[in-house]
Amino acid sequence: MKKQLIGVIATVAGLAAATPLSAATRDNISIVGSSTVYPFATVVAERFGRSTSFKAPKIESTGSGGGLKLFCKGVGANTPDITNSSRRIKQSEYDDCQANGVTDIVEVLVGYDGIAIANSKASAQMKLSLGDVYRALAKDIPGPDGKLITNPNKTWKDVNPALPATKIEVLGPPPTSGTRDAFAELALGGGAKSIPALKALYGMSADDAAGIKSAMQSLGMSMGLYDSLAEQKGKPPKGKDIFKTIAYAVREDGAYIEAGENDNLIVQKLEANPNALGIFGFSFLDENGDKVQGSLIDGVEPTFDSIADGDYPVSRPLYFYIKGAHVGKIPGIQEYAIEFTSERAMGEDGYLPERGLIPLDEEELEQIQSDVKSLQRLEM
Amino acid sequence: MSYNSTTAIQASLKKRYARERRFQWYGRLAVLTGFVFLFILLADIVSKGTPAFTQHFIRIAVNFDADKLEVSANPTEEELYAANFNGVIKQSLREMFPDVSGRKDKRALYKLISIGAEYDLRDSVLENPGLIGTKQEVWLRAHSEAGSYLKGQVDTQLDEADRRVKDNQIQWLDSLRAEGRTESRFNVIFFTAGDSREPELAGIKAALLGSAYTLLVTFFLAFPVGVLAAIYLEEFAPRNRLTDLIEININNLAAVPSIVFGLLGLAVFINFFELPRSAPLVGGMVLSLMTLPTIIITSRAAIQAVPPSIRQAALGVGASPLQTVFHHVIPVAMPGILTGSIIGMAQALGESAPLLMIGMVAFIMDVPGGVTDPSTVLPVQIFLWADSPERGFTEKTSAAIMVLMTFLIFMNALAIYLRRRFEMK
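Residue numbers (the working numbering), protein chains in the order written: chain A, 0 to 379; chain B, 84 to 508.
Accuracy of the hints is not assured; some may be wrong.
What the hints assert, rightly or not - The calculated BS3-like cross-link candidates involving lysine-lysine, where the alpha carbons are at most 27 Å apart (straight line), are:
| id | chain 1 | residue 1 | chain 2 | residue 2 |
| --- | --- | --- | --- | --- |
| 1 | B | K131 | A | K120 |
| 2 | B | K288 | A | K54 |
| 3 | B | K173 | A | K120 |
| 4 | B | K98 | A | K290 |
| 5 | A | K232 | A | K68 |
| 6 | B | K194 | B | K173 |
| 7 | A | K268 | B | K249 |
| 8 | B | K173 | B | K131 |
| 9 | B | K131 | A | K268 |
| 10 | B | K151 | B | K131 |
| 11 | A | K268 | A | K290 |
| 12 | A | K138 | A | K166 |
| 13 | A | K156 | A | K126 |
| 14 | A | K290 | B | K173 |
| 15 | A | K290 | B | K249 |
| 16 | B | K97 | A | K120 |
| 17 | A | K290 | B | K194 |
| 18 | B | K288 | A | K290 |
| 19 | B | K218 | A | K120 |
| 20 | A | K243 | A | K138 |
| 21 | A | K120 | B | K288 |
I should point out that these hints are in silico values taken from the structure, not numbers from a laboratory. Just so you know, these numbers come straight off a predicted model, no measurement behind them.
Could you put together the complete structure from these sequences and hints?
Here you go:
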């Protein structure tokens, strides 16, 4: 019996010892970042791995912010070579990169993504304006006297008499998601600008402290916010900063339901509940066209063409960033970027648009292709 | 006993029997409810997952013309890697359906065949260069959407706009089927390939091996450390404040959410010791931290359950304390220790949250060759497939769950087998 035990352990030990330890450097590309770019990057990675002698890149879906944090940590085999992002790199992230020795960054714009507000095909298609979306989902909205009040709207009819009297129920991504950031900025921010008082506030520069304060006064906001923002930034805030705190806050009373990063789950929930709306990327709408339909926003339906033309208001650019210092050290980085930006991938008839990526126009694409070939360095 | 109390007892007896019968029925109902739920769950997974184990192929006549492939008559390996197999497949499809015109229709036609087909063709030519210049009838893998129609999963009654498979594609597939040019085969690639973004090319092997490597590392670290710790604490350690404190801490550790161990792994193993990200080595280390408390607690319980008479008898005939423990106590406790370890390992097998932090939640195509290669594990693969927009991954998700459960049953069977072998006769 003892012999058997030793035998078992010896077999296991033998198996473990037989697995080779790889060297400290990597021979496969490591990619992190946005969950929105992930479906496109993985398709490119797969084709790249199959059609070349390089190993297929490893891609983690960490979210745009998480990806840039890992990316900017430093240079070396333990840090990622490329990060995907569903928004442009922020100045603060760029500075963080510089401080950690990641000085040579190449920015690659890959295309656009629309954010759809969709519901089940079992119910009627919604026709919303950005203002409707803001009044339905923002935490605070201006009341009848112009002062901010907690969003009182219970049904879509409360928001806009032309809409049906169904309860406001919207399933969407959590705050860690880039989709949520973009939705807040484009849909809620865009909707807030349809209200004159907020639009005026948005345009005020930091020098106009008196103007900002009086605008805040008429919105019924406490002055503590101005001071705390000033303290946080170390300089007087702009009207835009105040605007963001009002417009980008999503209501927390149950009308907006955080449904996790799993967009398929949102589609399933919409199917089960015809009264609910869901927020997700265009590629999921494209794949599930038999179950859900995109709502018209400002009269425009989210379709491939309307997003490509820029008519659909809730769309955003997608990027990836290359760590210049790793090119040539880790094999295949530039070749991967060239494959990603090639005509057969990103072109109008390429395999990425087939997956729901909204392609760049001809000129933009040529510019990006030449930037990738010359590894054009990003300056901010 | 007086007459009165006997009647009182007799009267209450009926009630007591009824109460007992009722209780038994509650028990049966509880067992039944559990079984019904289990059955519904299994039936759902199996019925959704079974189609994933078959795959459709379409036979088309491919012209391996050197000019069309853009290679020389005797191509080198490099030339073949760059050869235009995709164009050749498209041309063959056009020849089979000469009526198809218009860019949109042609694209729909090309979509019948998987994008993996060109790589399959390339591999078959690499193996047999004599194919160049000939015309062959070749079985090519169908696209997952075409496959789903051939499997009968598409509701043709739906409006065309509401379906992924369009009317013209259905017409082509029907005519191919009528000519005997379609075939359903066992989905070999599901067990031999790594992950893919094309449902028809995606396989479970990378995740399966990743799970195996990770568990190997976990077992290797957690089992010896856990069992030795349990033996020391139970048999040799003095009972004082310090050991009490250790015991409380071990019990508390068992209840710590697993993500915390992931954070610890990220901070210590990856950031401090600079071990590779996404590697089963680090995954196994993190999971062994998570399973250690379980193994220690169950092993201690097993050792405690050994009757003191065995120890006393061993000591009585002159065995040293060490001999007593290793020759007499551990063999008796072994079945219990193994059960505990397997429960711990099964827990580790199903864990994905801590692996998120150390980068094992990733798209990895290549099958890992060792414990330091980037890899993912079965539950993560299930999560990634469940999150993919392509419809074909729904069945793959259920199939992967079936594979995970088979793995688990296999582990449990191994545990039962080992327990039988170690059981004192």
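Hints versus structure:
{"no.": "1", "hint": "B/K131 <-> A/K120", "in the structure": "23 Å, holds"}
{"no.": "2", "hint": "B/K288 <-> A/K54", "in the structure": "17 Å, holds"}
{"no.": "3", "hint": "B/K173 <-> A/K120", "in the structure": "35 Å, violated"}
{"no.": "4", "hint": "B/K98 <-> A/K290", "in the structure": "57 Å, violated"}
{"no.": "5", "hint": "A/K232 <-> A/K68", "in the structure": "20 Å, holds"}
{"no.": "6", "hint": "B/K194 <-> B/K173", "in the structure": "10 Å, holds"}
{"no.": "7", "hint": "A/K268 <-> B/K249", "in the structure": "26 Å, holds"}
{"no.": "8", "hint": "B/K173 <-> B/K131", "in the structure": "32 Å, violated"}
{"no.": "9", "hint": "B/K131 <-> A/K268", "in the structure": "19 Å, holds"}
{"no.": "10", "hint": "B/K151 <-> B/K131", "in the structure": "42 Å, violated"}
{"no.": "11", "hint": "A/K268 <-> A/K290", "in the structure": "11 Å, holds"}
{"no.": "12", "hint": "A/K138 <-> A/K166", "in the structure": "16 Å, holds"}
{"no.": "13", "hint": "A/K156 <-> A/K126", "in the structure": "12 Å, holds"}
{"no.": "14", "hint": "A/K290 <-> B/K173", "in the structure": "31 Å, violated"}
{"no.": "15", "hint": "A/K290 <-> B/K249", "in the structure": "16 Å, holds"}
{"no.": "16", "hint": "B/K97 <-> A/K120", "in the structure": "60 Å, violated"}
{"no.": "17", "hint": "A/K290 <-> B/K194", "in the structure": "22 Å, holds"}
{"no.": "18", "hint": "B/K288 <-> A/K290", "in the structure": "32 Å, violated"}
{"no.": "19", "hint": "B/K218 <-> A/K120", "in the structure": "48 Å, violated"}
{"no.": "20", "hint": "A/K243 <-> A/K138", "in the structure": "12 Å, holds"}
{"no.": "21", "hint": "A/K120 <-> B/K288", "in the structure": "38 Å, violated"}
Taken one by one, the earlier hints fail for this structure at numbers 3, 4, 8, 10, 14, 16, 18, 19, 21, listed in ascending order.
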